[in-house]
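Order-wise, the sequence lines are chains A and B.
Just so we're aligned, residue 474 is where the first sequence starts under this note's numbering, counting upward by one.
Just so we're aligned, residue 7 is where the second sequence starts under this note's numbering, counting upward by one.
Hints are computed from structural coordinates only; laboratory data are not their basis.
Since this is a predicted model, take the numbers as computed values, not measurements.
The reader is advised that the hints may include incorrect statements.
Far from chain B, by Cβ distances over 12 angstroms, these chain A residues were calculated [said to hold, decoys possible]:
(1) Val500
(2) Leu539
(3) Ser585
(4) Ile643
Just the calculated beta-carbon pair ranges, DEER-fashion [unchecked claim]:
(5) A:Leu666 x B:Val221: 18 to 24 angstroms
(6) B:Ala207 x A:Leu557: 46 to 52 angstroms
(7) A:Pro619 x B:Pro37: 27 to 33 angstroms
In this text, a Cβ means the ideal position worked out from N, Cα and C, and glycines have one as well.
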Amino acid sequence: MPFDLNFLIRLIPALLEGAEVTVELAVLTMLICVVWGLVVALAQATPGPLSWIAGGYIQVVRNTPLLVQMYLVYFGLSMIGMGLSGFASGLLALCIQNGGYMAEIYRGGLQSISLRQYEAGRALGMRRWTLYTSVIMPQVVARVIPPLTNQAISITKDTAQVAAIAVMDIMKVAQVWVESSANTYDVFLGAGLIYLCLTTVISLGGRIAERRLAFAS
Amino acid sequence: MKTFAPLLHSYWYLFRGAGMTLLMASAAVVPATLLGVLLALVQVFGRRAARSAVLAYLFIMRGIPLLVLLTFVYYLLPLTGIDLPPFWGVVLVLAFYYAAFMSEAFRAGILSLPQAQWDAAKSLGMPRYLMLRIVIFPQALRLAAPPFISLCVNLVKATSLVSIVGLWELTMASREVVERTLAPFQIFLGAAFLYFCICYALALYGKYLERRALVGH
Chain A
474 MPFDLNFLIR
484 LIPALLEGAE
494 VTVELAVLTM
504 LICVVWGLVV
514 ALAQATPGPL
524 SWIAGGYIQV
534 VRNTPLLVQM
544 YLVYFGLSMI
554 GMGLSGFASG
564 LLALCIQNGG
574 YMAEIYRGGL
584 QSISLRQYEA
594 GRALGMRRWT
604 LYTSVIMPQV
614 VARVIPPLTN
624 QAISITKDTA
634 QVAAIAVMDI
644 MKVAQVWVES
654 SANTYDVFLG
664 AGLIYLCLTT
674 VISLGGRIAE
684 RRLAFAS
Chain B
7 MKTFAPLLHS
17 YWYLFRGAGM
27 TLLMASAAVV
37 PATLLGVLLA
47 LVQVFGRRAA
57 RSAVLAYLFI
67 MRGIPLLVLL
77 TFVYYLLPLT
87 GIDLPPFWGV
97 VLVLAFYYAA
107 FMSEAFRAGI
117 LSLPQAQWDA
127 AKSLGMPRYL
137 MLRIVIFPQA
147 LRLAAPPFIS
157 LCVNLVKATS
167 LVSIVGLWEL
177 TMASREVVER
187 TLAPFQIFLG
197 AAFLYFCICY
207 ALALYGKYLE
217 RRALVGH
């Protein structure tokens, strides 16, 4: 029977436990990829073989499914004797894939900065480091906030795929509960609402950050 | 070469899986596009109530992971007694999910046209339908084409999720081969390669459209 209150009271703590895993995965992925994506983007912007490697990496990870990457990490690494736990494999695959997306976001941000900004910095006698940290990057960061917010939402939703490698996130908890209780409506209503809350929090946070960082440009 | 023997033995099975992936993605992309266009039109030209309904739809689709929706429908269909083959069930979910993202691409295409285009058409005395048909839509579609193609890439990648609810396509096919050959690394690498071929070809086409869309701007 749908909307069974007793059932919901037992279900919600279990789902929240799953939510903890989902949030951990999403936050870790986000933190790692913010850095890793920048590294890849800067490598791609540097002329030379590094740029080719970074470009190839971006194309490969963006054009293959996350799920296959997860299987490759989870089952493939254990075959060559470097088995990782489900959580670690999921995190690694999420970072591999989203690093490619993040790099593209940074590339767009870097390209949108006018050449005159670089020239003006150099004309003031700034060193390369100062030029980047005090002129270029603050503008890039302000511009990439909206796409980064979208990416954070998409990462949070993508974490559901770790259920396929037996990590007890919201999705897996929901699956287990549906199979043991056959109460499809309640379980998916609960799981869906938790995901909606998480993604709404991210998009609100993104909007606040956007307003804070908006320059008079 | 011996390490890749399992892959050489089963490449034909994976090819058939890739064929199914393509079939599923093509079956989903048509209704997704139609619904996406419809949603975009309602959002731009619709009345207030209709616009709010579309916004609610977008909020739900963009806030809940596709895997949750797929699993929900997988468990739901037998309960409702709707006699729908699982293939069409997942195709519909994919279509409804991606329609939300496609509508955003089309809406952005329509809204990014300069106001002068609307004014010029009106000043020529064009009736509304003519203005939309020969001035607005051709240009808006050209602008929306690159993000549309990248959504198609995502759609192809997303078909891998249906393997989790037990449908047969490339990812499921490779899982079956892995169970038989116990060579996850090689087989999933092969599957990733096939996905890459499909998605990269699409992405290159998207790049070409992007370059063409910039002509005359």
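Those earlier numbered hints the structure runs against, lowest number first = The structure breaks hints 2, 4, 5, 6; every other hint is satisfied.
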